[in-house]
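Protein chains: 2
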Amino acid sequence: MLSKNQKKLIAAMAQKKQRDSQLLFLAEGPKTVTDLLEAGLQPTLIAHTENWSLPSSWSSKSLERIPVTQKELDSASHLKTPQQVLALFKQPQYSFNNNAIYNELTLVLDGIQDPGNMGTIIRLADWFGISHMVCSMDTVDVYNPKVVQATMGAIARIQVHYTQLPAFFRQYREKCDNPIYGTYLEGENIYENSLKSPSLIVMGNEGNGIRAENAPFITHKITIPTFPAGTPTSESLNVGVAAAIVCAEFRRSENYSR
Amino acid sequence: MLSKNQKKLIAAMAQKKQRDSQLLFLAEGPKTVTDLLEAGLQPTLIAHTENWSLPSSWSSKSLERIPVTQKELDSASHLKTPQQVLALFKQPQYSFNNNAIYNELTLVLDGIQDPGNMGTIIRLADWFGISHMVCSMDTVDVYNPKVVQATMGAIARIQVHYTQLPAFFRQYREKCDNPIYGTYLEGENIYENSLKSPSLIVMGNEGNGIRAENAPFITHKITIPTFPAGTPTSESLNVGVAAAIVCAEFRRSENYSR
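Residue numbers (the working numbering), protein chains in the order written: chain A, 1 to 258; chain B, 1 to 258.
Derived from the structure by calculation, the hints contain no laboratory data.
Every clue listed holds true.
Which copy is meant is left open, because identical chains are indistinguishable; a pair holds if it fits in one copy or across any two.
No farther apart than 25 Å at their CA atoms in a straight line, the calculated lysine to aspartate or glutamate pairs in the DMTMM-like style are these: (1) K31 with E235; (2) K196 with E254; (3) K90 with E235; (4) K31 with E206; (5) K7 with E50; (6) K80 with E235; (7) K31 with E64; (8) K31 with E186; (9) K17 with D138.
All figures in this text were calculated on a predicted structure; none of them were measured in a lab.
Model the full assembly from the supplied sequences, consistent with the hints where possible.
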């Protein structure tokens, strides 16, 4: 059974201020909780119904688990359809590994607001072997429970950093000659460019794109072409979809072009 | 001012049964409403605040518009942050154009459930010049207000059909020799295959993929490879993201491969 204080703490995870002061975040469902445990993240509380069991790699470790009824889980959960388990984890403290960022393909997010989009982007970064993401300070918090949920466990494998982007770009330009690609509605066709990594791919805010203060650092403006060219179509693609197509094209052109 | 009956009708648009019996659907916000008007769809009611005005192409036509206050709009809207205008449109009645489907690249959805995913897929179909989608009967309704919203106006340009997929596939195989591509977690690498259109691209349900009853019709199982191959990664991509990468790759390989 969950204590009153534990319930309070779980409810508090909806607020960034509370997550930051406790240095905790909430994960729900067997897939996400298991992925985080297997990635070695440290849980401070695991509440689960009797259908859930600890992944075998953890069975020997002494983890405090709290058995709950479905009703208790329903009342503590932030989800519409709670499943089997929820857990609080310590927020991993990543140091900003500049060398890794200079030597890899890295995603930069300039003001992404929607938790679903953020989760989708983390999930596809994981798919495409992108291990770091650098975000503007106003990008949605990676530990927002809706983001955690939408990553489907990928949050366990991706390091997400928040920083002042102009300063980050300035340092990046000083330290290395890698391209900085920015996705625009009017840029060069990604299929008529040679996309090179290590580099940065900058994705802008859902409504406003890449901010004016960051635009001067972009060395290559790129665009996903519509088909057929010149017909009336949607004004833009969803930012998660655009990130997916661009990341896929980087990996394809590096690995499969003949 | 909206009448009581008009408010009731707008509220009823949350339910498929009501949409189907009235043959209406709800669209909200200047972007979506304007796109639908410009695509020639027939509104039966337009309620708007004083900041909204009819697109110029419509100014001469006699459309009944109902001025509302922001408060009235807030109370009638299905959105968290209602914007300027909402409208009821007649559901366009498309006849199933087999010839178009045999001669184009067409998306087939087998049980997509999430309205956001459905909207994203319609939006990217529009981007990539796919004008028809064929859906299993249990795929989320295209006129669900959340789907309409997520299409960002693309719903005005895409014809979405609902049908029994096995019968549709059977007829397709009889009438033409086009490939039927299905996306699987274990299929052939999309970058090592030659993707050809006209053809069908089948996307499966978020959790369960392509149904067993439809699998026998798939002529090519395809997969988006992870990078680098063989490292631990997300189990899957979001279905909207996967559809985007596959559609982009079809258009790229047809138009830009050297």
